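Visitor: Single-letter residue listing:
Number of protein chains: 4
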Amino acid sequence: MYRTLTRTAIVGLLGSAAALNNGVAITPQMGWNSWNTFACDIDQDVILQSAQKLVDLGLRDLGYNYVGIDDCWQADARDPDTNKLSYNMDKFPDGIKSVADQIHAQEMKVGIYSSAGTQTCGQNPASLGYETEDATSYADWGIDLLKYDNCFNQGQAGNQKLSYDRYNAMSQALNATGRPIVYAMCNWGEDSPWKFAPTIANSWRTTGDITDKFTGEDARCPCKGDEGLDCPLAGYHCSVTNILEKSASLGQKAHTGAWNDLDSLEVGVGNLTVTQSKSHFTMWAFMKSPLMIGANLDTIDDESLEILRNKAVIDVNQDKFGSTARRVWKRQVGDGDLQLWLAALSGDVYAIAVLNTSSQQQSTAVRFDEVFRGIDYEDSDRQGTYNLIDMWQKDGDAWGLGVGNATGTLEDVQVEPFGVMAYRLTKSA
Amino acid sequence: MYRTLTRTAIVGLLGSAAALNNGVAITPQMGWNSWNTFACDIDQDVILQSAQKLVDLGLRDLGYNYVGIDDCWQADARDPDTNKLSYNMDKFPDGIKSVADQIHAQEMKVGIYSSAGTQTCGQNPASLGYETEDATSYADWGIDLLKYDNCFNQGQAGNQKLSYDRYNAMSQALNATGRPIVYAMCNWGEDSPWKFAPTIANSWRTTGDITDKFTGEDARCPCKGDEGLDCPLAGYHCSVTNILEKSASLGQKAHTGAWNDLDSLEVGVGNLTVTQSKSHFTMWAFMKSPLMIGANLDTIDDESLEILRNKAVIDVNQDKFGSTARRVWKRQVGDGDLQLWLAALSGDVYAIAVLNTSSQQQSTAVRFDEVFRGIDYEDSDRQGTYNLIDMWQKDGDAWGLGVGNATGTLEDVQVEPFGVMAYRLTKSA
Amino acid sequence: MYRTLTRTAIVGLLGSAAALNNGVAITPQMGWNSWNTFACDIDQDVILQSAQKLVDLGLRDLGYNYVGIDDCWQADARDPDTNKLSYNMDKFPDGIKSVADQIHAQEMKVGIYSSAGTQTCGQNPASLGYETEDATSYADWGIDLLKYDNCFNQGQAGNQKLSYDRYNAMSQALNATGRPIVYAMCNWGEDSPWKFAPTIANSWRTTGDITDKFTGEDARCPCKGDEGLDCPLAGYHCSVTNILEKSASLGQKAHTGAWNDLDSLEVGVGNLTVTQSKSHFTMWAFMKSPLMIGANLDTIDDESLEILRNKAVIDVNQDKFGSTARRVWKRQVGDGDLQLWLAALSGDVYAIAVLNTSSQQQSTAVRFDEVFRGIDYEDSDRQGTYNLIDMWQKDGDAWGLGVGNATGTLEDVQVEPFGVMAYRLTKSA
Amino acid sequence: MYRTLTRTAIVGLLGSAAALNNGVAITPQMGWNSWNTFACDIDQDVILQSAQKLVDLGLRDLGYNYVGIDDCWQADARDPDTNKLSYNMDKFPDGIKSVADQIHAQEMKVGIYSSAGTQTCGQNPASLGYETEDATSYADWGIDLLKYDNCFNQGQAGNQKLSYDRYNAMSQALNATGRPIVYAMCNWGEDSPWKFAPTIANSWRTTGDITDKFTGEDARCPCKGDEGLDCPLAGYHCSVTNILEKSASLGQKAHTGAWNDLDSLEVGVGNLTVTQSKSHFTMWAFMKSPLMIGANLDTIDDESLEILRNKAVIDVNQDKFGSTARRVWKRQVGDGDLQLWLAALSGDVYAIAVLNTSSQQQSTAVRFDEVFRGIDYEDSDRQGTYNLIDMWQKDGDAWGLGVGNATGTLEDVQVEPFGVMAYRLTKSA
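Chains as they are written, first to last, in my numbering: chain A, 1 to 429; chain B, 1 to 429; chain C, 1 to 429; chain D, 1 to 429.
Incorrect hints may have been included.
Identical chains blur together in the list; that is why a pair holds if it fits in one copy or across any two.
Distance condition first, Cα-Cα at most 25 angstroms in a straight line; then the derived SDA-like pairs of lysine to any residue [what the hints assert, rightly or not]:
(1) Lys91 with Asp376
(2) Lys224 with Ile375
(3) Lys97 with Arg78
(4) Lys427 with Thr273
(5) Lys91 with Ile375
Just so you know, these hints were derived from the structure itself, not from any lab. Just so it is clear, the structure is predicted and the values come from calculations on it, not from any experiment.
With the sequences and hints as input, model every part of the structure.
Guide: The structure is reproduced here in structure tokens:
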């Protein structure tokens, strides 16, 4: 039994702990992760330079404060006596702990990576059966986040119980360390993690891996739309809209401290246009996905950086109310569709986004009686007057420009091809 | 192997106990439940006032005699010594037992709520692993019905065995108390409860949660039609017709004391029109769903009340023969479809309903050789003359007006947009 | 790895035992079963009179020699001391053994019924957990066949392992009695019994229950076509063509002593036309389904009887080669389709059937290069001349009339609405 | 998390062992297998003559060096004392070891066959429960490859865990012998072997059995396209394009030593045209499927032999880089589709194939910015000039003819009905 928590009802829950109860990722984690740009070509210099860039580019101060070391940091084999897994000494001559210390000194946090299998996806030693040893190492090194993958899982998948047990083992091991470590499950949406992960993890990937493509199919990512809720092969090279569509119904399963993860951001990685990047970033923020930058911060272009710096959009993602956006409607237009999304924010504020996945300019009207339909809202919501901030216009240097009021309807919203219009609505007193 | 029980065959079963064998919910439970209107905003005053309203409005005497306390009645945590879970002392200063005593004094019964998980959907302490402790508390308090939800179930779902074992634990615990308690499973149709629930529960929810919408899709309720038989995400905000369609084939799995539950009634809750409310109420009655009022009885409008008071329709639901209606045919018309439903009642009586889910007026003929087709019926059924009562016309103050006889065919049945025509057919001697 | 057994290859298998190895149902069982006509209204008179009718009508001598007592023969409860389940003494005052003795004296065999659950579908005591006790009773009574149903199975279903274990328990118990008892699984195709049943049973039902309807949908039987291979609700009131379509690909899983069961015959039961009954009977025979008569032998009409007596068709079903027919092609025509089926018989003989599920007359040509396509056949098959027997014409009193030869093609095969043309092809020397 | 291994990234993996770690099938196995032609009609003469033919026809020297003894080599029963399973003494009077010795003497390797069930598909004794006994026999006999089938598996299937455990038992037994034996799983794609097989097997069949048909449906092979990823009945008599389509997304799960097996080659078996055979052979090579000849080498026609001898295509299959081709695009044309495939080879070389599954001639342009799209490639890939070798033209006696250069686009690629164009692209310095 579910019901969108009304502002009244939420009061009763404020005292209740987040499900995982580790006190971290109260809002979706933000940061940078090494994989999308560097894959296995990482070492301590790459990590530390990227961390420095987060500071220098002002990203850390916007909330991007997790520096994620992804796959290929590991030694070739476990210590045969202790079963402990050390780092690759060529890549990390000073050790992971030293890297973590330096990042902590910059007031940021450190992420690491493993798989709930016998090997990682890059075929390095992984943690299945060694959860306690590895969690202990992570805690000893000062790790703050674990991305935990799904490769080579020895057939321990195929129903919720098998996946739950396998992922819960690491959850328990992390908790046992006493160190709060964000637990970011990455089992690609297999076995419906949204059903069982909220009590054991801070986030769970909902689909196969993202690629720098906005729309369109790829043979390597075979499921589409609702098929994604029970996809027999999660795959990879999934487009931005493929992932969004698969995740569209899943907001109901997330809550404070427990988030759907739509995968790292492709902003600045490659082939998305500026318009597509804005749409992608907006929707990931509305979906309360962790916002992990995948681009090379050394070479990222200014337009992409400006997108990542949109504080108005980030504020939707990091809003304390913790309510994932829901899709109010989807309408076929041209070669795609037009979608209206609504996110309730704290303090009688709403955010709406109109997304255009077609290659043609579209216009529409946003009717407040559709947006605020039903018993979860009141007539005052439907009939009220709202101050509007357009999140993708700038007010001087800052994203978010006041564009007047609206009552009843937002008329003639123009959305460019593959674009988005995103507004912050504050009810007038 | 199934076969509609013929009147002859049923004789052989009269001596056999209902499957769960707890002696309650011999006909589908009726009453009121706090969630749809009050959600977590409940306290003993809300419950007791609603109970009083059931009496004052004459609803109790029509059969609505279960007063359901839904989520958020609980204390924040279990007693660390006894593992017992008490009530929230601010909301229920006199205790649940006192509330129950007062309701019992009004000749009504009391329902309570928990989840077969570590937390309820509202993130309060739930009963997984504490079935005996909680069942004992319920019995001690004088509880008569348990609605048992599915949130946060620790991955103990995904096949019938896992769900059966989890829900059977509470079934056994309730039975062990010695107090007859209606056991109302609410696992949203996951893992086909209609296959395993009849021997352990009095009712089982068939789908995700209902909303006050008659037709149309909602992104939060992703499955449609037969997909609902194996839906990967039950969701919520499901429309009336979405739920009906998902449940259309499930009557074969229900029997006396074991019912499909299509969720609480949205009559008087919000956005259904009067016509839609009549259709909704009629179909829930025909489907032998429990009839739990979801509206605020303090503010409910008269037209909605009159619908809930339709004794002719209630009689279909509460008929002792216990045979769920089946759909005789469904035909696409306009932007929806026209459906003919048949329920066999005790004493050589039938009820038929013609439902129109389109937004246009429709007319049709009901042919008795289609209604009474096949070996389950006799030529005398097909060729007989029936006295007709129109359940949605009034005979003075009472619902149900005699509208003459029909032989062979009911000609020119007119059904308004989103409307229903419901008749009681009694064979002439 | 599969391959149609060629005539050469089969030699290697002749010495190998049938999988279940109980030595019975070497060809599909034939007989009569009480359910479709009498449901729970059975007693020893009904059974013995039906047995007598099998003899009197000449059906026994055509191979219909199993007399099946279906549900509702049981006492109300097991003996609390021995856990043994006796018969209903009002219905069977002389006992099941006496009934069996009388049937054996007529040179026929006796079937009985139970369910792999806590209750039978008619809510009588069933065998889950009492397999040994009940198998022993059956053997003591002289039972020769067990139809074993799937109702109220306590959630022990949902994957092959759970269903296999549950049904294997009875298989082992039957074998342990030392009496050869045909084991006829009836789990409605749930969990793909064709994958696991061949080593533990003589036959397995492939779908939900049949009804006396040739085509068309019924809300109670929700799956169609290939959906039937993984149907979430087997249902009942499935039409003849619905069941055929669901079973069309399953011939590959059957072999000598292990058969797909498409459910009892509706010939003479009710609403099938003579033409439809012929088509139904032909296809069940070609599919190597057990041929269990469901009609009331006391009142069956002559035309239906003549269909059941078609020895030419029965010979296809009972052919020692044991190869289930396969569908060579299916083509949409009018409001249905036209289907060509081929069954290989022993001794260089083939049977073909052209089935018309449309309501219009159809004509087609049967090309031998399509029928005998590929490496499983030789050019001599494709180019040979065949003597043709039309199985649905009579040669004097006997079904099967020689209608000449054909080389290369069978031209202008005319098939009436809902009808079938069935030929026996013998290669000319 | 996946990513196509870039040339840089792969360096980090070169030192890492193949997953199964048995050191064999580093590239997909090639050879001949007895089933498709001889089925159960095998003996030592058939095997040894076929081995001799591999040598005489020059196939061995092209890499076809596994001689596979398929089903029906077994004795009728295990030794009741040792549980060992011997060979059929009539068929193999000198014993399997002698056959193996003779094949080894010809510098080839020997394959054998069993099933992870109680019987093989041909109903001979199989290895479930006797993994250690049988693996030991194989090693003692000098066996180099085991094809391990899925028939009669006692319900130990239906989720990854059940299938993994059953197949892992033989994997462990084979490893325990100390002899490197290629482990070729053949469970027809049931339970997604691509998810769990790579760590325990060298190859796994992806679908039901192949037949000598290029396109078109067959009732015995019920799934199509993406349905094949979760097919409820793998079936057999699957066409070449049916198998290719089901396997199209699975390249991501294969790697060095762990291959998708699309089943034996139908080249020269029967009904494929020369053009269709070329397309079939090309795509199996690109998909990194094992290349096991299914034809009768005694009677194979010259055109088929020439196809099997195409060293340019074989080189794609056996390339050390081990990267399975992926489909760049698929476009509907006429009564089929046109597909572009890309395989990355070692040494800055690529192979592309344009496949036409329609019955009409097609032409297209191959644009390098589509082929080399995204972050996995560099601008130099997209803009470079490539030397082209047409793999299906001959340069003198050798397959592979230089046909000039291309920059940016391969214009006007003409593909005949059911045909393929395959090019090797080497970047100009």
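Visitor: Using 25 angstroms as the alpha carbon limit, work out where Lys224 and Ile375 are close: within a copy, between copies, both or neither.
Guide: Intra 32 angstroms, inter 23 angstroms, cutoff 25 angstroms: inter-copy only.
Visitor: 25 angstroms Cα cut-off: does Lys91 pair with Ile375 within a copy, between copies, both or neither?
Guide: Intra 57 angstroms, inter 23 angstroms, cutoff 25 angstroms: inter-copy only.
Visitor: State whether the alpha carbon distance between Lys97 and Arg78 is at most 25 angstroms within one copy, between copies, both, or neither.
Guide: This pair counts as within: shortest intra-copy Cα distance 18 angstroms, inter-copy 40 angstroms.
Visitor: One pair to classify: Lys427 and Thr273, alpha carbons no more than 25 angstroms apart. Within, between, both, or neither?
Guide: neither (34 angstroms within a copy, 29 angstroms between copies)
Visitor: For Lys91 vs Asp376, is the C-alpha pair at or below 25 angstroms within one copy, between two copies, both, or neither?
Guide: Between. Shortest inter-copy distance 22 angstroms satisfies the 25 angstroms Cα cut-off; intra-copy 54 angstroms does not.
The structure fails to meet hint 4 from the earlier list, while all remaining hints are met.
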